[in-house]
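Here the sequence shown is numbered in the UniProt record's numbering, starting from 1 and rising by one per residue.
Treat the hints as calculated values from the structure; they're not laboratory data. Computed from a predicted model, the values in this text were never measured in an experiment. Keep in mind that the hints are not guaranteed to be accurate.
Stated by the list, open to error - Straight line, CA to CA, 25 Å or less: simulated BS3-like cross-link-like pairs of lysine-lysine:
#1 K541 x K531
#2 K593 x K572
#3 K612 x K593
#4 K587 x K540
#5 K587 x K531
#6 K612 x K541
#7 K612 x K507
#8 K186 x K501
#9 K348 x K251
#10 K186 x K507
#11 K430 x K603
#12 K593 x K540
What the hints assert, rightly or not - So the derived label-pair ranges between C-beta atoms look like this:
#13 G209 x G422: 21 to 27 Å
#14 F604 x Q351: 29 to 35 Å
#15 D522 x H230: 36 to 42 Å
#16 L583 x Y158: 34 to 40 Å
Virtual Cβ for every residue (Gly too), placed ideally from N, Cα, C.
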Amino acid sequence: MHLAQVSRDIKAATASPPVTTPSQEQMLKKMFATTSTTMKLPSLPPFKAFWFLIGTAMITTCLTVLVLTLSSANKFKSFSLRGLRSRYIQEELHSRVSSLPSSVVFEERDFEKVSASELWSSSLMQQLTQNKAISHTKLSKYSPTLKPLLGHHRCNRYGNLEEPRILIPDGFPNVYSTDTYMASCKIENLCMTTSGEFVLFEPSQRVSGDRIVETMNTRPWVYTQGSTVHSDRGNFFGALVDGDLVLQMNKHDESRVENVFVKKTRQVPCRSLLVNRTLSYGTPAVESSSGKPGETESRVYNGKERAQKSLTEQARENEAIEELKSRVASNPDALCNENFYAPVALSKDFQIYEKPVYALKRYAAGNAGHFLSQSLGMIMGLMMNFQTPDASQSSSQLQDNHILYLDDLESKEGFDWMGLFGYDLELGNKFSLTGGELLSQNPVLQRCFVGGQWRIMPAPCRNDSSAASVVGSKRMELQTCFTNFYAGHTTNNLVIYPYGKEYTYMKIRELTYQNLQILPFDGEFSKAQQKQRLRAYTMKKDLLIAINRKEMSDRFLQAIFNVDQLADYLRKHLPQDPFVQQLLRNKDGSTRKLIIEDIDLYKFPGIPSQVKYFSDVDVYISDPGSAAYYAMFMRDETTVILPPTCENPSKCKTSHGVHVLQALPNVQIADLLELNNGVPPPCIPRPGVLSQINCDVVFPPDLC
1 MHLAQVSRDI KAATASPPVT TPSQEQMLKK MFATTSTTMK LPSLPPFKAF
51 WFLIGTAMIT TCLTVLVLTL SSANKFKSFS LRGLRSRYIQ EELHSRVSSL
101 PSSVVFEERD FEKVSASELW SSSLMQQLTQ NKAISHTKLS KYSPTLKPLL
151 GHHRCNRYGN LEEPRILIPD GFPNVYSTDT YMASCKIENL CMTTSGEFVL
201 FEPSQRVSGD RIVETMNTRP WVYTQGSTVH SDRGNFFGAL VDGDLVLQMN
251 KHDESRVENV FVKKTRQVPC RSLLVNRTLS YGTPAVESSS GKPGETESRV
301 YNGKERAQKS LTEQARENEA IEELKSRVAS NPDALCNENF YAPVALSKDF
351 QIYEKPVYAL KRYAAGNAGH FLSQSLGMIM GLMMNFQTPD ASQSSSQLQD
401 NHILYLDDLE SKEGFDWMGL FGYDLELGNK FSLTGGELLS QNPVLQRCFV
451 GGQWRIMPAP CRNDSSAASV VGSKRMELQT CFTNFYAGHT TNNLVIYPYG
501 KEYTYMKIRE LTYQNLQILP FDGEFSKAQQ KQRLRAYTMK KDLLIAINRK
551 EMSDRFLQAI FNVDQLADYL RKHLPQDPFV QQLLRNKDGS TRKLIIEDID
601 LYKFPGIPSQ VKYFSDVDVY ISDPGSAAYY AMFMRDETTV ILPPTCENPS
651 KCKTSHGVHV LQALPNVQIA DLLELNNGVP PPCIPRPGVL SQINCDVVFP
701 PDLC
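Start from the sequences, fold in the hints, and give me the full structure.
Okay, structure coming up:
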């Protein structure tokens with residue numbers, strides 16, 4: 001979905017120096033009315049100084065142990081500062097954990113006016129805060145629990161390479177998208193607004209140059225339509241916001257977000273910042289009149305008493321004030337960086353997805369072959385691009401994800417018809433849900449416009465109405481954030497570009513076997529045990545020959561015309577074949593059965609049950625359409641026999657399915673035209689909806 005107009009200029013915020021009031025001047029004179037140019041902590045007797053240091057060390061140690069304990073327990077998994085593992089260094093947030101009411105409500109007087117240039121100039125963000133922000137010192141007086149949600153993107157980009165030639169007949173001319181800036185991306189802490197916009201909060205200082213910021217706010221980031229570059233429907237747009245997203249967490253429920261801010265930095269006169277911090281935190285610590293260890297009393301210059309603070313916290317504030325005084329003393333006009341926080345609106349059902357999310361738009365989803373070879377191929381390509389090299393040691397980690405569909409299969413706007421491409425809606429939803437179960441252990445998700453806003457919901461869901469009018473119609477309100485969001489074009493498209501990416505589909509088979517607990521992944525076994533169990537199973541299992549029975553409807557072409565005749569012939573003659581008889585006798589004297597079945601794929605409950613069936617098939621006789629693509633789930637050393645594509649009884653050619661599936665290393669693809677020495681088999685003309693030129697092959701039984 002296209003964003004609203006986004007400005008090309010996102011620059012670092014620079015504030016004009018505020019005018020120093022007389023009260024500030026008087027206060028500065030009072031603070032510097034000493035012979036020393038710097039303030040010092042009050043001198044303490046030796047024994048008190050000793051216990052001061054011991055107490056500080058103990059408190060610091062306890063806090064360190066507490067932080068490590070919380071980190072090991074993954075209590076803040078969605079806010080685990082994954083960006084710290086990148087090449088960027090996180091600026092320390094001066095945040096604290098202290099007593100809080102269950103909900104902190106900021107009053108109007110806590111906010112100040114800031115110019116639009118101090119925030120960002122993007123038109124998408126103009127209504128974000130109504131030019132209001134809260135300063136760090138005012139925010140700190142509430143001592144809220146703050147957690148940064150650091151935005152970061154890692155992408156591979158296209159180089160200026162020539163388009164590679166089409167590898168198979170009738171392929172699409174565009175291998176790569178010509179519009180997008182990047183190929184594929186892992187985006188950390190990407191958020192979606194209620195108006196459907198995707199927003200990444202990442203300071204411009206962490207992005208390599210203003211040109212990249214400008215490009216990311218004007219061009220589509222990646223292409224997401226099922227590994228098939230066909231129209232601009234797959235263009236994925238996002239907005240880059242210059243600032244860090246900071247969450248204020250609930251005191252009693254650490255998983256609940258109370259408020260959200262965008263942290264920005266501006267330059268202000270150091271002496272003004274010194275006055276503000278002194279007013280906020282008071283004078284340096286003095287000994288507590290209560291006599292209780294670890295407590296101090298502090299006074300502000302206006303005479304109001306402030307709440308007591310821990311000695312360590314006050315000491316840290318004293319240190320910051322000391323540093324400011326030193327800078328002001330050496331240069332009265334010095335400028336300092338000050339953080340300020342612009343509030344962001346939250347949807348009442350705001351949510352964060354901590355598990356990896358793989359996002360895409362579907363292409364011809366009602367066709368199983370397209371879904372398996374294109375949509376699943378795109379997801380697996382993203383997994384292999386961005387997951388750690390040792391992820392294969394625990395494939396269950398790869399499956400602990402969510403698949404997110406960015407489209408509505410019922411939409412007819414623009415090029416949205418490509419989601420189904422004329423196929424049945426019910427089949428599209430069925431393949432989308434049950435096919436998603438092959439690579440994910442979690443519910444399949446979908447982006448939908450429901451109840452007047454965009455949401456992330458369980459699939460399938462239907463858009464209420466056209467949502468084009470809601471974009472930019474209200475202020476930015478966050479609905480969902482994703483800890484790890486994967487999207488992009490990986491050219492893992494078995495239908496169009498089968499060669500060079502074969503391993504992708506063998507990895508799909510492996511993960512699917514594990515997810516569905518298909519032998520040898522039906523329990524916890526070592527690699528050696530898996531190989532031993534698999535060998536024992538394949539040597540003793542019954543021999544299964546499956547023949548696909550395709551529906552003879554106007555929608556489906558290239559069917560095998562004589563399935564019943566072929567099955568009867570094989571049942572009668574194969575058991576008499578000496579080679580087959582030898583296969584049915586085991587070395588230990590036991591025997592196996594020869595099973596010959598004709599199958600209707602549409603009678604299976606879903607794709608998982610189909611995959612389980614094909615994991616036992618030894619020989620598969622299929623038409624060259626989508627049914628043939630289940631070959632990717634067959635075991636090694638199996639065989640698939642495919643007929644040619646015929647226009648009439650005298651004009652046949654090797655099918656598209658043979659060109660594609662020969663790339664798979666697990667199966668032997670036998671071309672019926674080649675088996676018959678190039679002589680076309682008989683066929684029966686049967687025109688269809690998609691093409692009036694179609695001839696169903698009469699399979700010669702004696703060729704098997």
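Results for each hint:
1. Proposed proximity of K541 and K531 is supported: the alpha carbons are some 15 Å apart, at most 25 Å.
2. With a C-alpha separation of about 14 Å, the suggested pairing of K593 with K572 holds against the 25 Å cut-off.
3. Pair hint K612 plus K593 holds up; C-alpha atoms about 19 Å apart against a cutoff of 25 Å.
4. As the CA atoms of K587 and K540 are separated by approximately 10 Å, the hinted pair is consistent with the 25 Å bound.
5. Proximity of K587 to K531 is assessed by CA-CA distance (about 19 Å); at most 25 Å being required, the pair is judged to hold.
6. For the hint pairing K612 with K541, the CA-to-CA distance comes to about 14 Å; that is within 25 Å, so the pair holds.
7. A threshold of 25 Å between alpha carbons decides the hint, and for K612 with K507 the separation of about 16 Å falls inside it, so the pair holds.
8. At most 25 Å may separate the alpha-carbon atoms for a hinted pair to count; K186 and K501 meet this at roughly 20 Å.
9. Restraint check for K348 and K251: satisfied, since their Cα atoms lie roughly 18 Å apart, inside the 25 Å limit.
10. Restraint check: the Cα-Cα separation between K186 and K507 comes to about 20 Å, which is no more than 25 Å; the hinted pair holds.
11. For the proposed pair K430 and K603, the alpha carbon gap of about 12 Å is at most 25 Å, so the pair holds.
12. Restraint check for K593 and K540: satisfied, since their Cα atoms lie roughly 10 Å apart, inside the 25 Å limit.
13. Between G209 and G422 the beta carbons are some 45 Å apart, a value that contradicts the proposed interval 21 to 27 Å.
14. Under the hint 29 to 35 Å, the C-beta atoms of F604 and Q351, about 34 Å apart, fit the expected range.
15. Range check, D522 to H230: Cβ separation about 39 Å, and the 36 to 42 Å hint holds.
16. As the Cβ distance of L583 to Y158 is approximately 51 Å, the hint placing it in 34 to 40 Å is violated.
Checked against the numbered hints listed earlier, the structure breaks hints 13 and 16; every other hint is satisfied.
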